[in-house]
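Number of protein chains: 2
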Amino acid sequence: MGTSRRMKSPSNIRNLYEENKTKILNPHINHAKIINGKSIAEEITSRVASKVKWMKESIGKVPGLAVILVGQRRDSLTYVRNKIKACDEAGIKSVVAEFPDTCAEEDIMTSLSKFNEDPSVHGILLQLPLPEHLDEEKILNLVSLEKDVDGFHPINMGNLSMRGREPLFVPCTPKGCLELLLRSGVGIVGKKAVVIGRSNIVGLPIALLLQRHHATVTTVHACTKNPEHITCEADIVVSAAGVPNMIRSSWLKPGAVVIDVGTCPVEDPSAEYGYRLVGDVCYEEALRIASAVTPVPGGVGPMTIAMLLCNTLESAKRLYGFT
Amino acid sequence: MGTSRRMKSPSNIRNLYEENKTKILNPHINHAKIINGKSIAEEITSRVASKVKWMKESIGKVPGLAVILVGQRRDSLTYVRNKIKACDEAGIKSVVAEFPDTCAEEDIMTSLSKFNEDPSVHGILLQLPLPEHLDEEKILNLVSLEKDVDGFHPINMGNLSMRGREPLFVPCTPKGCLELLLRSGVGIVGKKAVVIGRSNIVGLPIALLLQRHHATVTTVHACTKNPEHITCEADIVVSAAGVPNMIRSSWLKPGAVVIDVGTCPVEDPSAEYGYRLVGDVCYEEALRIASAVTPVPGGVGPMTIAMLLCNTLESAKRLYGFT
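Residue numbers (UniProt numbering), protein chains in the order written: chain W, 1 to 323; chain A, 1 to 323.
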């Protein structure tokens, strides 16, 4: 092996790579189960679609989602495009209100108020992040609690955090992560879970949600010393740091379950839109040490959208008293 | 020493005990600083009192607190009695609405609504826990957000949990714990903190508060396996389990700071009210291993009341635009 290592001609390197790849993909070698978010999401979406169809046939109504998109961030554009596409597939009516980067807060507030009052809209989604000049808190607080399918209203967040309370909506990405764990048969009660990142959108609500399911949760963030020493004791790691390939094998306990929420766009001229998405987790390394891993793309991403469809359907069902 | 160990006559045991006691209380032996919640609370209360006096002189108004007390739980009676006494000392007007254990929800709601509308009431406190037949969530949600000096309204809790948001009020006990840490010069940023217990009243908000101050927080609860292994890595331990003497020296890292929120009433005929309060932490053991410890009583308890005075003053200042 020492000899082959010294002989690193380009063709040998390629062979070594292929050999490793085979090893990793060989089902006889102990490696992680890949949690297929894409296929789970498709299953959920198709279930939503049939319920929407049934609602339409029964009461002549369909759920409606309104999306407010400000600016031209390419990741936001991709997310919104995918959300609308998913709505179409599920039979959910959707409408997008687009605003330029430089728009006035007033314009967004007006559009939001109209959606709040529109009885055909059951879910309102403000695509985040907003440009810096806009007051995200003020705008989010205006979203009607009953249409807050993203679950970011402080009342929803407060009820998510408090025991014995039930939020009207659980934020989509955390709800998707939980669903992946549950559908993969991962026990949560009493497990050590580490959440990396404490954003209002992902890290915080996923930590609250895991705690609701009786895990012992530690949240790791930018001020944490030796985060690696903390994550490597966790049975469940949910990473939402947004730092590509940060989680190396040394960060993981053998047999851990790894949910990768990171989706960092990296320039790639060969990709369809000029970039590709990279997760927080060094996937190839995680495959060797974890018991289950979500890929990026095809893991948490599709689940976020599926949960948005679920929340929108749920909201319409609640409004119409349809079960 | 081996010889003296073998000679354990009752008088020798007593001598050994006295010797240990002397060792513990000897300032020349390395033992924990006692965080004197009582004297810190007195200082805060006196500062509140002078501000109240100043408010009265300036605008002819004083802060007002309304307490709703249901039933005859002796711990609740003690807490309410102490709160009213503290209000008197600080010049805050207080009123208690007392209801029997068997009262109707409607009666409490009516009383609460009156306090919500009363302009001389700036803080409303519903003494918890309520008897089981009452819907705590429904009643708490009725407390006006602007008078929610206990900070238990879901909007206050949501804003406490979310980054970049500011709750109108932070719950009193967690706020008191934080104040004890800050006034004892304990650094929080980047420290490992373990909170034991996840109640809506203490465990949850103290965990959220420590995370806001950039600690790496783990919440330990009834489903946690080997809680001792987790707490013994913490720089800061806040215990709100309500299990007397649960935290032994083996649970603590040498030099840890220990905040004991536990106050379990234990029968004691020699005590003034027939019982005394015992904390979660085995105090004598903690004194030997921690760098700082709060006693019970005289630690967190008085701080809770001091913070209630602060919150009530804050609320009145906000209403009158008084700075």
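No lab work stands behind these hints, which were simulated from the structure alone. Keep in mind that this is a model prediction, so the values were computed, not measured. Check the hints yourself; a few may be wrong.
What the hints assert, rightly or not - Quick list of simulated restraints, FRET-style, between CB atoms:
| no. | chain 1 | residue 1 | chain 2 | residue 2 | range |
| --- | --- | --- | --- | --- | --- |
| 1 | W | 135 | A | 59 | 39 to 47 Å |
| 2 | W | 33 | A | 38 | 37 to 45 Å |
| 3 | A | 273 | W | 317 | 47 to 55 Å |
As the list claims (entries may be wrong) - Here are some chain A residues the structure puts well away from chain W; computed CB gaps all over 10 Å:
| no. | residue |
| --- | --- |
| 4 | 33 |
| 5 | 136 |
| 6 | 154 |
| 7 | 208 |
| 8 | 211 |
| 9 | 267 |
| 10 | 271 |
Glycine residues also receive a C-beta, built at the ideal position from the N, C-alpha and C atoms.
Checking each numbered hint in turn, tell me which of them this model violates, lowest number first. Going through the list in order, the structure violates hints 1, 2, 5, 6, 7, 8 and respects the others.
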